[in-house]
Amino acid sequence: MRSGRLWMRLGGSRHNAGLALLTAVLFVAVTARYRQFASAAGLRDLLDDTSILILLALGQMLVMLTRAIDLSVAASVALTGMCVALMNQAMPGVALPWLVLSAALLGAALGAVNGLLVWQLQIPPIVVTLGTLAIYRGATYLISQGRWVNSGDMSPWFLGLVRERWGGITLLSWLAIAGVLLTTCVLRYSATGRSFYAAGNNPEAARYVGVDVGRAQCLAFVFNGALAGLCGYLWVARYAVAYTEIASGFELTVIAACVIGGVSIAGGSGTVSGVLLGCLFLGVIKNALPLLAVSPFWQMAISGAVIVTAAVVNAAGARAPQRQRILEN
Amino acid sequence: MNKFANIGLRRLLRWEVFLALVVAADFALNVRLSPYFLSSETLADVSFNFTEKALVALPMALLIIAGEIDISVAATMALTSVCMGLLATRTTSLSAIVGCGLAVGLLAGAVNGTLVTRWRVPAIVATIGTMSLYRGIAYGILGDRVLKAYPPAFAFFGQGYIAGPVSFELLLFALAAVLCSLYLHRTEFGRRLVAIGCNRTAAEMAGVRVNRYRFWLFVATGVASAAASVLLTSRLGSTRPSIAQGMELDIISIVILGGVAITGGRGSIAGVVLAGILTGLAIFGLGLINVPGVVISLLMGALLILIVGSPILARRLARARPRA
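The listed protein sequences derive, respectively, from chains W and Y.
Residue 98 is where the first sequence starts when you use the numbering used here, and the numbers rise one by one after that.
Residue 19 is where the second sequence starts when you use the numbering used here, and the numbers rise one by one after that.
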């Protein structure tokens, strides 16, 4: 009983416990055949490979909490990534902190465009981000004129930062850990964080207690955009190449990680620990499939099946009471 | 008197009228810019730019009006195309190939419908999942191969003409549009569907078999995707797993451009048809001046936001103005 309460206080739930168990079973099954999967190096790689997904999923979670959705996130990653890559190519003298800062700011600006359209013009988020998805991707093409920025065009320090190791794990992994801690604190202890839950859980009630729902959605989009901007730099540095199609379709993986992690598409519920587990679950699958000699062409189908299964399990767990639905419709 | 004038004005200010004016303006512009635009070949070319997408946009509009959405349509098209391609390596029977395609689409739609109605998964989540699943199966089966063993007669669906510039694709689309329009605007079923989109719970309590409607709408969307896949595969003459990639966004854009409320409960088939023609004209015109595809989709995205946002912006500005 006591431990149960402690588990709940840590943001846990039956859903999270089940997901953790499933991830663990999967992990053990793979390790049974391939010992190196659970080795220190294997775990490091797993975390490193999943870090960008974790950062993006945290941002997407904020947006989804407010009953919105951001389909443009992968396009934002591509646009900011291309911008910093071109900046580095054109002006190798600009120091790294400025590049990272400008990536985050540019991302925040892209998020603000989404957020303002949702807040001020009250266009449904799915329509806004469907539009900006195409716009940001097209802008990436326009600023690069369809060319690639290859590793030779970028400075070694620009590419090397993410691979820097501190205490055994890469800087990229540290960033993901910092993101998890920061988001947990914001969502639990700040008024803004609580307002995200309130805005998504019941917009009408939130309005009565003085939460500006549109403003909360806009803020969530800005936070998410800043994270996407940061990830734009990280993506380009990690894969050492920038072109129009980078991260294409990744928004669906990000949303899938959130959904598997128990974030409700109807807003108002979701935990950082759940999202983290969702990301690790997808990460374990993605890293295990090549080891199990599954054709890379089947990977997409398998993650699709996983998403559908997770969605069915989540839907069976959470049923909105009928009365609330009448009032909200 | 004043009341009647108001009703007349509201009729004129309808979204479909505005869309029709934009279509007419774009058409006139094209005619002025190019002396060849009015030739039957050009007009046929224009129609090929939208018929496949708009064919799926019709049931998608019904689905969105009923408060649901299907993101998996393009993936359904890919899966259908792969299955037809595989069958075409065994048989040359047209009815077998097309029948198999339609059956796959029906099955894909039924899976979506079951997930949403029976398992109560929100439509957007369910179809994001099945989008990955269907496209993934297409990739898994085909890998990096290409299928193009289609019998010569198969080319008729995507390349054949009925009369003059009227292609088989256009005729099929027109028939589907008339059917959907009659269904939505002239039958009791259509009214119930709008009721579901306005308030599902209330509709349920009023005796509408909500889940039955939702399920069959998903099935209809799956079958329409399969039909569009037959047309597209026949027009291209080959199948790769990446066929119709990203087309779901174009299709949903057409529906929203057509004035259908994404929140459900409102929309007309006429608007969707006009939006389809408009995108066809726009894509054709931009293609003529060598605008790359990714930039065309940028412009379509901007157009989508602009068109959905402008009435709201106008209303805000009107409200901000001090009343006399």
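Worth flagging that the hints you see were computed from the coordinates, not collected in a lab.
Treat the hints loosely; a few may be bogus.
As the list claims (entries may be wrong) - Far from chain Y, some chain W residues (derived; all Cβ distances over 10 Å):
#, residue
1, Ala-114
2, Gln-219
3, Gly-243
4, Asp-250
5, Arg-291
6, Val-356
7, Trp-395
8, Gly-401
Stated by the list, open to error - Covered, in the sense of this in silico footprint (three residues per stretch, anywhere, with C-beta under 8 Å from a C-beta of chain Y), are these stretches of chain W:
#, segment
9, 135-148
10, 317-323
Glycine residues also receive a C-beta, built at the ideal position from the N, C-alpha and C atoms.
Evaluate the condition: distance from the CB of W:Gly-243 to the nearest CB of chain Y exceeds 10 Å. With a cut-off of 10 Å, W:Gly-243 comes too close to chain Y, as the shortest Cβ separation is near 7 Å.
Closest CB of chain Y to the CB of W:Arg-291 still more than 10 Å away: Since the minimum Cβ distance to chain Y is about 24 Å, W:Arg-291 lies beyond 10 Å and the statement holds.
Non-interface claim for W:Ala-114, where every Cβ of chain Y lies beyond 10 Å: holds (21 Å)
Please settle this one: W:Asp-250 was flagged as non-interface, so is its CB more than 10 Å from every CB on chain Y? Check passes; 21 Å lies beyond 10 Å.
Minimum Cβ-Cβ distance from W:Val-356 to chain Y exceeds 10 Å: violated (5 Å)
Was W:Gly-401 rightly flagged as not at the interface, with every chain Y Cβ beyond 10 Å? W:Gly-401 not clear of chain Y: closest Cβ-Cβ about 3 Å, inside 10 Å.
Beyond 10 Å from each Cβ of chain Y, as asserted for W:Trp-395: About 4 Å separates W:Trp-395 from the closest Cβ of chain Y, which leaves it inside 10 Å; violated.
Are there three or more residues in the segment 317-323 of chain W whose C-beta lies within less than 8 Å of some C-beta in chain Y? violated (count 0)
Verdict on chain Y covering the segment 135-148 of chain W, criterion of 3 CB contacts below 8 Å: n = 0 at 8 Å, threshold three: violated.
Is it correct that the beta-carbon of W:Gln-219 has no partner in chain Y closer than or equal to 10 Å? Nearest chain Y Cβ is 6 Å from W:Gln-219, so the label is violated.
Hints 2, 3, 6, 7, 8, 9 and 10 from the list above are not met by this structure, while the remaining hints are.
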